[in-house]
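> For reference, the chains in residue letters:
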Amino acid sequence: MSKIRNISNLKELKEKLLKEKKKRFIVIPNGTCGRAKGSKEVSKAMVEKTKGLSVGFEIKITGCIGFCEVEPIVVILPDRITYVRVKEEDVQEILEAVKNNRIVERLLYKDPTTGNRFEKLEDIPFYKKQMPLIFGKNLEIDPKNILDYISQEGYTALAAVIEGMSPDTVIETIKKAGLRGRGGGGFPTGIKWESCRRAQGDIKYVICNADEGDPGAYMDRAVLEGNPHSVLEGMIIGAYAIGAHEGYIYVRQEYPLAVKHFTIALEQAREYGLLGENILGSGFNFDVKIARGGGAFVCGESTALMTSIEGRPGEPRAKHVHTVEKGLKEMPTTLNNVETWANVPLIINKGWKWYSSIGTEESKGTKIFSLVGKVNNTGLVEVPMGISLREIVYDIGGGIRGGKKLKAVQTGGPSGGCVPESLIDTPVDFDKLTEVGSMMGSGGMIVMDEDNCMVDIARYFVGFLKDESCGKCTPCREGLWQMDAILTDICDGKGKEDDIEILEDLAWLMKNCCLCQLGTTAANPLLTTLKYFREEYDAHIKEKRCPAGVCKALIRYSIDKDKCNGCGLCKLKCSVEAITGEKNEVHILDTEKCIKCGICYEICKFDAVVKE
Amino acid sequence: MKKLIIDGIETEPNPEKTVLEVAKELGIYIPTLCYHKSLTPYGACRICIVEIIWKGRSMFHTACTYPAWEGEVRTNSELVRKIRKTILELMLAEAPDSPEIQELAKEYGAEKTRFRERDKANKKCILCGLCVRFCNDVMGVGAIGFKNRGASREIVTPFEEFSEVCTLCGACEFICPTDAFDVSTIAGEKPIPIPSEFDMGLTKRPSVYTPFPQAVPNIPVIDSEKCMFFQNETCRVCENVCEPDAIDFAQKEEKKEIEVGAIIVATGFDPFDASIKKEYAYSEYKNVITGLEFERLISASGPTRGEIVIDGKVPKQIVFIHCVGSRDESVGNEYCSRVCCMFIAKQAHLVNECIPNAEVTVLYTDMRAFGKGYEEFYDRVRMEGVIYRRGNPSEIYRKGEKLIVKAEDTILGEPVEIEADLVVLGTGIVPRNETEDIRKILKLSKSQDGFLLEAHPKLRPVDTALDGVFLAGCCQGPKDIPDTVAQAKGAASSAMSILTRGFVNIEPVVATTDENTCSGCGICEAACEYGALTLDSINRIMIVNEVLCKGCSACASACPSNAIVLKHYTPKQLLSQIEAILR
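As given, the protein sequences belong to chains G and Y, one line each in that order.
Residues 1 to 612 in our numbering are what the first sequence lists, from first letter to last.
Residues 1 to 583 in our numbering are what the second sequence lists, from first letter to last.
Think of the hints as simulated: they come from the structure by calculation, not from any bench.
All values reported here derive from a predicted model rather than from experimental measurement.
Incorrect hints may appear among the rest.
Taking lysine-lysine pairs in the DSS-like style, the calculated list, with each CA pair at most 27 Å apart, reads [unchecked claim]: (1) G/Lys-319 x Y/Lys-55; (2) Y/Lys-277 x G/Lys-329; (3) G/Lys-496 x Y/Lys-82; (4) Y/Lys-55 x G/Lys-494; (5) G/Lys-326 x Y/Lys-17; (6) G/Lys-326 x Y/Lys-82; (7) Y/Lys-85 x G/Lys-494; (8) Y/Lys-85 x G/Lys-326; (9) Y/Lys-3 x G/Lys-326; (10) G/Lys-319 x Y/Lys-85; (11) Y/Lys-204 x Y/Lys-255; (12) G/Lys-326 x Y/Lys-37; (13) G/Lys-319 x Y/Lys-112; (14) Y/Lys-55 x G/Lys-175; (15) Y/Lys-37 x G/Lys-329; (16) G/Lys-511 x Y/Lys-313; (17) G/Lys-511 x Y/Lys-106.
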C-alpha cells in the first residue's frame, strides 16, 4: 500500500482493484442490530467452516443492510440470493448449496401474509419500494477496508471536487441539489455551507453529528458502522467548500462499533493520503477527530454538542447568532448529520440534476427511516422523499402485526408527533409532516396499533424528555416535570377536568419560550395526541377508562364464566395466585390480589379472560 | 433608516448590545433573575422574555440574549405577561419558600400556582446557575457545579464533599437572586464577614463601600486588603457594573507635598476600649455594649433600622453606666470625658421612646449637665421615668437569661443588684493613637492627659507653640459638638488671618549662622525644638528658617564653635551691654 499522491493515482488504484475484484461473495451483515440476533456467531461459523476450503467465494462481513426483523441474514453475491433468520447450524447447508449452485429453500424469506418465498434481495417486498442510494452500498462494502469503498466509486467525488470544482461551485451544486439537513431541522445544507464560508474567522470547523438519541432510531449508527468512508468523504468535501481544516465527529459512547469502524476509516484514509495534509496532492489540509459523547440526548442539539466538544457540560445556548458564524470555540462551524454528509458524495458523483429529480418539490433525495413498533417488517428503510406513510407501513413494513388495526405512526422521535391513521396518506417530507403537527426528525418511525394507549404514549415521550432535558431553562426543566406528573396522574385514573387546560398552557409556553429545540418541540407528542386522540384523554379523565387497556390503574381483569373451560393454564401462570378454581371448572380471579400483569389475558386460548 | 422600537420608543439598532441593555438605557424595566452584568448572558430563567415582532410575526426571545437588531420589541405585552406568569407559577412550585419569587409572581398575577410543589431539598433555589457561573467565571474558583440533568438538577461540589478550593469569598451567597445559597453547606464554614467600621462591627460591609452616609467625599472606596481583585486578581465585578466607568484598579496611594500657610490639627479621638474594664465583661457578653454601638443600634440608618434588638430579642431592662474609662485613675484617665453624661441622657430618653415600659437605670458618678439646656433635658429624662442612681458598678455577671449589675448606691449607702437585658457602657474619650505621629512631625507638645497642648489654656486655646499651627476638636481635649464647632471656627479664623495678610511678622531676634566658622556638625539641629534648622549637606552649613525660629537660643548654647548665634544677641553685643551696665 502506498499513499495516493494525486488523482491519477486514485484512478489507477480503482482500476487495479476492479481488475482484481473477486466476483463471488458470501455477505453476512454484522451491524449492532444483527449481532444482537446472533449474526456474529453465524459469521464466525462461516469463517471457520470455510477455512482451508476453496469454495470460490470470499466471505464479507458488512454493516446492517436494513431488514433487521429477519436477521441474521446471509446474501450470496452476485446472485443476491438472500437467506434470513440464519442460525449457526444452517451454515454448513448454505455452504454446500453455494458450492453446488443450489438454493436452500427453507431459509429464503417467506411473506407472512401470502406465504410466498423470495430468492433475491430486491424481490423481497420490504426492499421493493425502497431506494437505497445511501444505504445500498452497505451490502457490498467491508467497512473495515478502504479499498472496498474505493472500488465502489469511493472518493471519486472528492477527486472530482479537487480536480475541477471551486468551493463556490461545490456549494452551488449542493444548493441546486436541494439537500436539506437530515438531522431533523431540514435546513438547506448549501445555504448553511455558504453562510459558513462567508463568515469571518481564521479557523473554521466542520462537525458530523452522530449523537443519535431518539428512542428506536438507529439509521446513523448503521451508516457509520456499514459505510464510514461515505460520511468521511462528505465531510472532506464540506470542509473544502467552507474552508475548514479541522473537523470533529461527535459519536455517542453507546455506539462502540461505529466508533471502531470510523476510527479505522480515519486511520486508513490518512494512510492513503485522503485525509491529513495535502489531500490528493491538492495542497488542501483537513483532518477529523472523534469526540465521544456521554449519551445525553440533549447533546444532539448543535450548541450543546459544541459545548460538549469544548469539554464543558452539554448545555445548549441561545442561537440568535447562528453556529455558522459563531459555533465551536466561537468560530464559524458547519454541523451536519451523518446522513447529510453521506449524501454529499452522491450528489457530486451523480450531479445535482439527477439528485433533485428524486423527492418532492421542497424535499429532495431519499431519507432513511427506522421503522419499528407494531409493524411486521421492522428495520431501516431508505425511501424517496414524498412516499406516503401508507406505503411505508403497509408495502414496506408489511402491515400491522397480528392483523390488528393501525392507530398512529409516531415520527420524528420524542420531538415529533403522532400522525393518526386518518392521515396515513400524508406524503413523507419535511414540510408535510410539520403541517400535520409532527416532524421528520432524524427518521424515527414508530408504528402503533389499537393496543397502544395514546395518553400512555404521550406520557412515555414526555417522561423520556423530562429525564433528558439538560435542566438549564425553567420551562423545559419544570414544565416537563409538571407535564409528566399530570400525564402520570391521568394514566393512574387521578386526572382532573382542568388538567387538559393546564397541559395546553404548558405546551404553549414551552413551544414559545424554551431555550433550545429539545424544549420547544417537547410538547409535540402531547399536542398531536391531544389533537387527534382527544377522546382517549376524555375517557381517562371523565370515565376513568383506558380504551386501549394499557393503563394498569384503569383496567380490570375478570374471567368470563361462559367461556372458561377450566383448563388451568391461567392459574398456573399467575405469579400472585390470584386465580383459583378446580380443574375443568370455571376459574375465579381475585381482583384484590391481581397485579394486572396481563399474563392470563395473553395466554388464555379461549378468550375467557376479559379486560375492561 | 433601520429602527428598533422598544415599547413604542424608537432607537437605533445596535447588534453589539442586547435588547435588555438597550431597554435599560431607555429606562424600560424588564425583570431578570439569572442575568448579571459581569457574566455572559445565560438565558436560563426565561423571565426576561420579550415579544419580538418581525415581518408581522410574533416571536419570543429572552431580552438578555437577543441582540438589539432592528424590529419591534414589546417588553410587557399581554402575551409576555402570560408567559411570565406561567414561568413564575412553575418557579413557585419549584421554590415555594422564596419571598423574592412570591413577590415577583404577585406582580404578574400569580398569587398561587396551579402546579404541584416539587419535592426538593432546597425550597428556594430556581437553578438559575448564577452561583455556579459566578464561582467559576468571575471568581475563577469553580468550587460548585451542576449535578444531574433536567428536573433532578442540583448545585453541588465535586463528590458532594466539602469544597477544598472554596475561598469563602461568599460571592455565591451574594449573587443568589432568591437567597437560596448557604456557602457553609459547601465549605463547612461561613465566610468571615468584614465588620463595618461605621456600624461598630454590628454589621458587615463589602470590600467596596462608602465609609459612612454623607462621607466627605461621598465616594466609595475599595478595601484593598479584602478586595478579591487585589488578593487573587479575580472578580472585577464593581468595574463591570459601574456605569460611569469610575473604577480604576491602577490607583495607588500617593504622597503629596503641599505648601501651606497654616495647619489646623483636628485628628479627633478614640473611644475608650471598654474591654480594659474587665469587671464590666464587655468582651464576654453580647448584651454589654458601648455607647457608640448603642448609637448605631438606635439609628434609623443603622443595622437594625433603629430597632433595639439584641440576639433577636427586644431588651426590657436596660442599665447605662457612666464614666467608663473617664475619671478613673485605675486606667490612667483622671479627666472627665465631658460628653458621656449627656449622650447617656439622650440614649435613655430614646429607649423610652422605642421600647414602651422599658425599665431604664442610669448608674452615675456625678451628673455634669453643664451646657445650655442640658440641665433641663436631664430633668426631663428623669421625669420620663429613667432612674438615676449614684454609684459605679463593681461587677457585671450573668444569672440565667439576665445580667446582674452589682453596685453600691452611694446616696442610699447600700449595695444594689440590678437585673438587665442590656448594659450600655458610657465609654469616654481618649487621645487618638495616630495623633502621636502628627504630633511628632509638627513637634507639638501634649498635656499630662495625653491630648495636644494649646499655647495658653485661657488666652490662646486654639494656638500651639508653633506659629501657624492650630488645634480644633477632641485632639486638644474631650469636648462635645458645640464646643468642637466653636473651637474649629476659632482655629479657622486664626488660620485665615494669617492667610489673608499674605505675609507673617517674625521676631527680629532669630538665629543666624556664621558661614566661616560653621562646620556643619549638626549638633544645633538636634537641639532645635521648632524644626527651624536644616543642614545644607553640600556646603556643610546650617541654614536657619527665620519664620520657624523662635529665637530661644538653644542652638546658640549648643554650638561648640559659636558659629550659630542670635541676631542682636551676639556674644560681642552681649558683652558690650554688660560692659555698659558696669560702667
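> Hint by hint, say whether it matches the structure.
Results for each hint:
Taking the CA atoms of G/Lys-319 and Y/Lys-55, the gap is near 19 Å; set against the 27 Å cutoff, the hint holds. Restraint check for Y/Lys-277 and G/Lys-329: the C-alpha separation of about 65 Å exceeds 27 Å, so the hint is violated. Under the criterion of a C-alpha separation no larger than 27 Å, the hint pairing G/Lys-496 with Y/Lys-82 is consistent with the structure, at around 23 Å. For a cut-off of 27 Å, the pair hint linking Y/Lys-55 to G/Lys-494 is broken: about 45 Å separates their Cα positions.
With a C-alpha separation of about 16 Å, the suggested pairing of G/Lys-326 with Y/Lys-17 holds against the 27 Å cut-off. Taking the CA atoms of G/Lys-326 and Y/Lys-82, the gap is near 32 Å; set against the 27 Å cutoff, the hint is violated. Restraint check for Y/Lys-85 and G/Lys-494: satisfied, since their Cα atoms lie roughly 26 Å apart, inside the 27 Å limit. This hinted pair does not check out: Y/Lys-85 and G/Lys-326 have alpha carbons roughly 33 Å apart, beyond 27 Å.
The straight-line distance between the Cα atoms of Y/Lys-3 and G/Lys-326 is roughly 25 Å, inside the 27 Å bound, and the hint therefore holds. With a CA separation close to 25 Å, the supplied pair G/Lys-319 and Y/Lys-85 stays within the 27 Å bound. Among the hinted pairs, Y/Lys-204 with Y/Lys-255 is inconsistent with the structure: their alpha-carbon atoms are about 30 Å apart, more than 27 Å. Taken as a hint, the G/Lys-326 and Y/Lys-37 pair is honoured in the structure, with Cα atoms around 21 Å apart against an allowance of 27 Å.
About 33 Å separates the Cα atoms of G/Lys-319 and Y/Lys-112, which puts this hinted pair outside 27 Å; it is violated. Proximity of Y/Lys-55 to G/Lys-175 is assessed by CA-CA distance (about 25 Å); at most 27 Å being required, the pair is judged to hold. Pair hint Y/Lys-37 plus G/Lys-329 holds up; C-alpha atoms about 22 Å apart against a cutoff of 27 Å. Between the alpha carbons of G/Lys-511 and Y/Lys-313 the distance comes to roughly 52 Å, so the proposed pair goes past 27 Å and is violated.
At most 27 Å may separate the alpha-carbon atoms for a hinted pair to count; G/Lys-511 and Y/Lys-106 meet this at roughly 24 Å.
Taken one by one, the earlier hints fail for this structure at numbers 2, 4, 6, 8, 11, 13, 16, listed in ascending order.
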